[in-house]
Amino acid sequence: MKAVFHVVEMEKWSLSLINVRNLLRDAKEDVEIVVVANAEAVDGYTKDFELAHVMTKQNAKGVVFEACANALKAHEIKEDEILDFVEVIPNSMIELIKKQEEGFAYIRP
Amino acid sequence: MKAVFHVVEMEKWSLSLINVRNLLRDAKEDVEIVVVANAEAVDGYTKDFELAHVMTKQNAKGVVFEACANALKAHEIKEDEILDFVEVIPNSMIELIKKQEEGFAYIRP
Amino acid sequence: MKAVFHVVEMEKWSLSLINVRNLLRDAKEDVEIVVVANAEAVDGYTKDFELAHVMTKQNAKGVVFEACANALKAHEIKEDEILDFVEVIPNSMIELIKKQEEGFAYIRP
Chain A
1 MKAVFHVVEM EKWSLSLINV RNLLRDAKED VEIVVVANAE AVDGYTKDFE
51 LAHVMTKQNA KGVVFEACAN ALKAHEIKED EILDFVEVIP NSMIELIKKQ
101 EEGFAYIRP
Chain B
1 MKAVFHVVEM EKWSLSLINV RNLLRDAKED VEIVVVANAE AVDGYTKDFE
51 LAHVMTKQNA KGVVFEACAN ALKAHEIKED EILDFVEVIP NSMIELIKKQ
101 EEGFAYIRP
Chain C
1 MKAVFHVVEM EKWSLSLINV RNLLRDAKED VEIVVVANAE AVDGYTKDFE
51 LAHVMTKQNA KGVVFEACAN ALKAHEIKED EILDFVEVIP NSMIELIKKQ
101 EEGFAYIRP
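Residue numbers (our numbering), protein chains in the order written: chain A, 1 to 109; chain B, 1 to 109; chain C, 1 to 109.
Everything labelled a hint here was simulated from the structure, so no lab data went into it. Being a predicted model, the structure only gives us computed values, none of them experimental. Please note that a few of the clues may not be correct.
Unchecked claim - Computed cross-link-like contacts, EDC-like style, restricted to lysine to aspartate or glutamate with a CA-CA straight-line distance of at most 16 Å:
no.: 1; chain 1: C; residue 1: Lys98; chain 2: B; residue 2: Asp26
no.: 2; chain 1: C; residue 1: Lys2; chain 2: C; residue 2: Glu95
no.: 3; chain 1: A; residue 1: Lys98; chain 2: C; residue 2: Asp30
no.: 4; chain 1: B; residue 1: Lys61; chain 2: B; residue 2: Glu9
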């Protein structure tokens with residue numbers, strides 16, 4: 001199973017991470033999970049975000065967290081302000097298209 | 001045609017059911033519709049929800065309504081409190097992935 | 001690359017058009033973009049909408065903008081009130097299914 005989660009609003013981080021946690025726990029087969037955040041949701045990747053410890057734990061289990069470079073720029077967040085494991089991608093739309101082309105299911109919490 | 005509707009917020013039930021109604025009415029070919037509710041939206045499956053009669057009618061036309069067991073538990077809703085025809089699924093994320101693997105289009109009202 | 005953007009809320013027009021702009025700018029290969037608006041978001045297609053000039057410019061670059069006829073009717077918007085280049089489609093759900101069947105990635109800003 002392969003899924004790409006699209007997180008757009010800050011208020012959706014909590015639900016998104018619960019969704020990911022439950023998916024990791026309940027999946028009977030291997031599951032590849034990529035979380036793509038853009039727009040204001042990239043603020044959730046800053047080191048002082050209250051759910052950073054949850055992301056850190058999920059990343060250790062193989063979940064990939066990605067931040068849209070365009071959104072980081074628009075929200076004036078520098079790369080050294082975000083969690084170390086977060087991968088900065090040039091364009092989140094291209095990533096969402098590519099992932100779906102590769103057979104990832106799209107989930108918008 | 002096959003579509004899976006993902007309902008996350010209570011306030012999206014009205015629009016979601018309008019979308020389903022219009023799809024049933026306008027489709028020129030057979031259409032398989034599955035509605036997956038998770039998070040707070042599972043509250044919409046309780047028997048006293050104001051749109052329960054709409055769901056009941058749509059279910060009679062073949063629409064499948066599914067509730068995420070994890071969300072029911074989180075919102076302290078017991079299975080005997082929800083509409084009889086609603087199918088409880090163990091994990092809505094897995095269901096959304098599986099449905100997309102089976103060729104269902106994903107729609108997030 | 002092919003992507004269908006699903007715009008549902010008026011407040012999502014700004015982000016949606018930024019997403020489209022960035023995609024057009026950053027894509028290294030041809031990209032086919034269809035924007036499907038339904039529900040209240042069809043109000044964004046009226047000629048006096050503040051972002052009409054952005055849509056006009058993007059349409060000139062090949063982006064297709066579509067309005068759900070059911071939503072126009074529900075919101076009492078006549079076809080002569082909307083931007084000339086907007087294509088009225090009978091049912092936005094059917095369009096979203098067809099586009100995904102044709103290999104378009106689904107993006108819900």
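To see whether the hints hold, each was checked on the structure:
| no. | hint | result |
| --- | --- | --- |
| 1 | Lys98(C) with Asp26(B) | holds (13 Å) |
| 2 | Lys2(C) with Glu95(C) | holds (14 Å) |
| 3 | Lys98(A) with Asp30(C) | holds (13 Å) |
| 4 | Lys61(B) with Glu9(B) | violated (24 Å) |
Consistency with the previously given hints fails for number 4 only.
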